[in-house]
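Enquirer: In case you want the letters, here they are:
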Amino acid sequence: MSVPPPTVGRMEERWSTEHVLSLAPDAASQKAAGKLSSPAPWSGAGTDGTALWGECKGSGSTPYRTVIELATPAYQCSCPSRKFPCKHALGLLLLWSGAPEAVPAAEPAEWAADWLKAREERAEKRVAAPADPAAARRRAERRGARVAAGAAELRLRLADRVRHGLADQSTAGPWEEVAARMVDAQAPGLATRVRALDATPQDRLLEEYAMLHLLATAATRVDELPPELAATVRTRVGYPTDTAEILAGPTVRDRWLALGSRDTSDDRLTTRRVWLRGAKTGRPALLLAFGRPGQAPDLALPTGHLLEAELAFHPGARPLRAALGTRYGAPEPGPAGPPAGLTVAEAVAGYGTAVADDPWLESWPTVLAGAVPVRTPDGWYLTDGHHTLPVHTSALPEAALWRLAAVSTGRPLTVFGEYGHQGFAPVTAWAGHDRPIGLTTV
Amino acid sequence: MTITQDPWETLHTTALLGTDRRPLPVTALPLADTVDPADPATALLELAALATVRRRAGALPVPAAGPPGPPAPEDPRPELPAAAARRLAVLLTGRTGSGGATLANLAELLPQWLATVRARGLRPPGALIPGLLDAARARSELRSDAVALAGPLGRWLAEQNPDWRFVLRTAAPDPAERPGQPVDHHLWHEGLFAERVTHLTLLRRHDPAAGLELLSGTWSTERAEDRLLFLDALQDGLSPADEPFLEAALGDRSKNVRATAAELLSTLPGSALARRMAERASAAVRLSDAGTHLLVTPPAECDAAMQRDGIPLKSPTGRGERAWWFGEVVAAAPLRLWPESTGLTPEQLLALRVGDSIDETSSSWADDLREAWARAAVRQHDADWARALLGPAPTPPARGAGRARAPRVTGAPAKLLAVLPPGERAAWTAAFIEVHGLGEAFQLLGACGTPWTPPLSTAVVTALARAAGSGAYPWSHSGVLGMTERALAPETAAAVEELAAEAAPDSAWSETFARLAGTLRFRAAMLAELDA
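Chains A and B, in that order, give the protein sequences.
In terms of our numbering, the first sequence opens at residue 1 and continues consecutively.
In terms of our numbering, the second sequence opens at residue 1 and continues consecutively.
In isolation and in its complexed conformation, chain A is listed as follows (with noise of 0.2 Å):
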C-alpha cells in the first residue's frame, strides 16, 4: 500500500480528532466510533470537499449507509440507532480526521448525491409558519400577569428569610417549594435561580438574594422600564424567545470569528456556546445549541475560522446572544494569529460598562492580549504586568488549566474567555502565531 502525500489545502480543511469527538452525543458513541475510524470496514468511502459518504459494514447482510453533510453539519444514517449523529457518521469523520488516504476525493455516490440534492430542497421550501397575532397577544398579556404575581410571592419569601436571618434555616423550607411555584408561575428563569440558592456558599448568600430580589423586583414592573432593559429582564425570567421572530428582523451581516466554544450538559441537556466576533463590527456574539442526551448540539463552527452570515441578536440591554441566520457559504479558516485583545485593566472595566447596562450579567466575552497565565498556592491568576485577575476556576477542569500553562510555556499569549466578578474563564488561547487552541475540548 503507498500512501499519498496529503496535500496542504486538503489538511487544512480536515477536521481536528478533538472537534469531531466533540460531535459526540456521550462517552460509548466516542468509543463505539473509536471502533469504526479504520478503514477496514468502509468501502466506497469518499468526499467531495462538502460532504463525506461511505458504507460501514455492520453485522447484517447491508452495509449502512452513511453521508455528512460538513458544512452545517447535518448527518444522514441508514442505520436504525436513536444517537445523533449516530457511530457510523463519527467513525467516517475520525477515519477522515486520521487517515485521509481512506476517503479520497471523488464524486458523490448516487445514494449520498440523492440525500444532499433533497436535503438542499428542502431548505429552500422552510417557510415560517403563519401566526395569529392577536392570539399571541392574549397569551402574552396572561403570562405577563402570572410572571408578575410570582416575582412578587419571591419578594416576599426573600424578605422573609432575611427577616429571620440567613445563618437560621431552620424555620425556612428548601427553596425547592418555592422553586416549583416559579415553575408553576411560568418564570423558569427565576426558577433555576432560586433552585441555586440552596447549594450557594453562605458567604457569597447575600449577593444572590439581593440579585435575585432586584429581578424580581424589576419583574413585577417590568413594563415600566426602558424597552431594552425591560428585554433583558423578561429573558432572565425566563420568556422564550422565538427565534423565526428574532430572525424576521433587523440582522448584522458580518464576517464573523469563532473565537471559542464550550459544552456543557446536565442530565437533560447539552448546551453548546460558540462565541463569535465580527470582523467589520468587532461586536461580540453568542450562539447557543442545545442537544437532548444522546444528541451532539447541531452547530459546529470550529475555533479560529471566518463565517459570513447574517445574525439577528436577542434585544437585551447588552445584546450577545444571536441567532444564526442566512449564511454565505461554509466557514473557512481565518488569520492566523491572535485576535485583537485588551489589557486587564481594559477587561475590568469593560465586564464594569457592560454591567452598567445589566446588572444580572455574570461574565462578558472578553479577549486578554499579552497576558501570562501564573499558578500561585492560593489559585491560578492571569497578569499582564500591571495587573492581575483571578481565574475563575471553578468553572473549568483542572486540565484546562495545565493546557493554558503549557500552551504559554510561562511567556505572554492571547487567551479568550468569560470576564465577570468570579474571575476569568479562559476558552481558547493563542500563542504566537500558532492555530489557536481550544483549552476545555477533549
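One should not assume that every hint holds.
[Said to hold, decoys possible] To give an idea of the chain B side of the interface with chain A (calculated C-beta under 10 Å), a few residues:
#, residue
1, A49
2, A59
3, L337
None of these hints come from the bench; they were simulated from the model.
Note that the Cβ used here is the ideal one computed from N, Cα and C, for glycine as well.
Following the hints, position chain B against chain A.
Expert: Frame of chain A, contents of chain B only:
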C-alpha cells in the same frame, strides 16, 4: 474598596442574624435615602443589590504582585509537522479509552511513535504536553521517551504540578542532549535512588571516567543493595580503566556485589580476572594429542581464589559441584583463549568430539562446554562464536523429506542472535521461520531490530497465512501478532490486506488480518507524516 467594604459587612451581619433580631442601621449606610425604609428586610435587600452592582461595575484592576516566575527554557527543536501533532492527539486519546480493538492497537503504537519522534529531535506542541505527561504517568514504560520529548517545557510544568514529579526523577537531562553544559551532580548527592541510578547511567554513556569517579567518591557509604545496582550501571562504557575499581569490589562485603564485579571483569578480556580464568579454563580443557577430541578435566575444588573471582561454591540449581565450577570457569574465560591455544576456529572447535580426560569416549561434557561457551559469547558480545554456536541459517528441507526438526542450539538462541549484526539477525530468523513456522519464533523475533526487514516481514506474513490455512487459531499466535503490529515493515501492508480479503468473512483470521492491516496503514501514515 474600604468605603464599600464596611457597609457591606454591616448588611451581611444584619442579614445573617435577621432584621427581626438586629435592626438595620439605615442612616449609617450609603445610598440609604434611595430606598424605602418601611420594611427593613426589603430595604436591606435593596441596599445589598445596590452595593453588589456598584462593586461589580466599579471594580478596579488589582495591581500585579510582581513579575511572574521564569518561563520555560526555550526549546530549540523544530516543531512536529501539524499532521503528526494531530496523530499524537489521536494516540493519546486512544490511550484513555479502554477496550476496543482499534484503541488497543493505538496503545501498542504510542511507544513507537514516541521513540521515533524522540530520535528525530522534534518538539510536540505545548498543548499536548500535559496529555503526554499524564500518559507517561500511567505507563511507566513510556516515561523515558515521553520525558525526553516533553523537553524543557515538560520539566518546567513538572516543577509546578506534583502529579508530574516523576519527570524530575526520570529527567536527569542527558548530557549528550545538552552539549556544552556543565553536568550538575546535585542529583547524585541528594536525589532519590532511582534518580541517582539514572544520573550515573547517563553520565557513563557520556563520560565513563567521570561516572567512575563519581561512584568511587561515595562507594564506601552506599548500602549493599544500592552498590549492586550502581555497579550494574558501569556496564555502559566499561573499559580497562574500570578494572582496579572492579578488582577491589571483588573483596566487597556483599556476595552479590562480588559476583557482579566478577561478571563485569570477565567481559574485559584483558583483565587480570580474565587471565586467571583463562588459566583455570586451560587446565580444564585440552586438545587430545590426536587433535580429534577436547578432553575435559573439571576443577577438583573451588578454592578461595576462585570464590573471590565470583564462582559460587554451590550451584543454585543443585548441579554437581565439579560440573558447576567447570561451567562457571569456561563461561568467564575469554573466548579468544580457545583459537589461540588450539589454532582452530570456533566452528572447528564446536565440531570436535568432547570427552573425559580419563575416558575419551564419555561424551557427558559436551553439553556443559557448549552451554558455557554460549554464555561467554553473550557476555563478551562475540559475534564469531555466536554465529558458530547458532549454526548456519536453516534451509528448507528437500521436497518430500518431511518436516524439518528445529536445529539443536545450545543456550538461549535469542540471546546469541542479539550478538549478531542486525541484518544477519533478521536473515537468520527469517530462514528459521520459513522452515519452522512461528511456534518457537517469539523470542527470536524479539531479538530482531524494528521495523523488521522486508524479507523477515515477508517470512512472518507467509507463516501467518500458513497458520491461517492450517486451521490454527489466531490467539495461539497472539504474542507474535502483537509484535507484528509494532514491527512489520510497512512494505508488507499490501500482502496483509490481501490476506484480510482472502480470509473467510467474519472469521477470527479475517478480523485479525483486517486489524493488522489497519494498524500497518496507521503506522505507515504515522511515520510518513513525520517526514513532511
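Enquirer: Look at each hint and say if it fits the structure.
Expert: Taking the hints in turn, this is what the structure says about them:
1. Annotation: interface hint on A49 of chain B holds; nearest CB of chain A at approximately 4 Å, less than 10 Å.
2. Evaluation of the A59 of chain B hint against chain A yields a held restraint, the C-beta minimum of about 6 Å falling below 10 Å.
3. Given the 10 Å rule on beta carbons, the hint for L337 of chain B is violated: about 53 Å separates it from the nearest Cβ of chain A.
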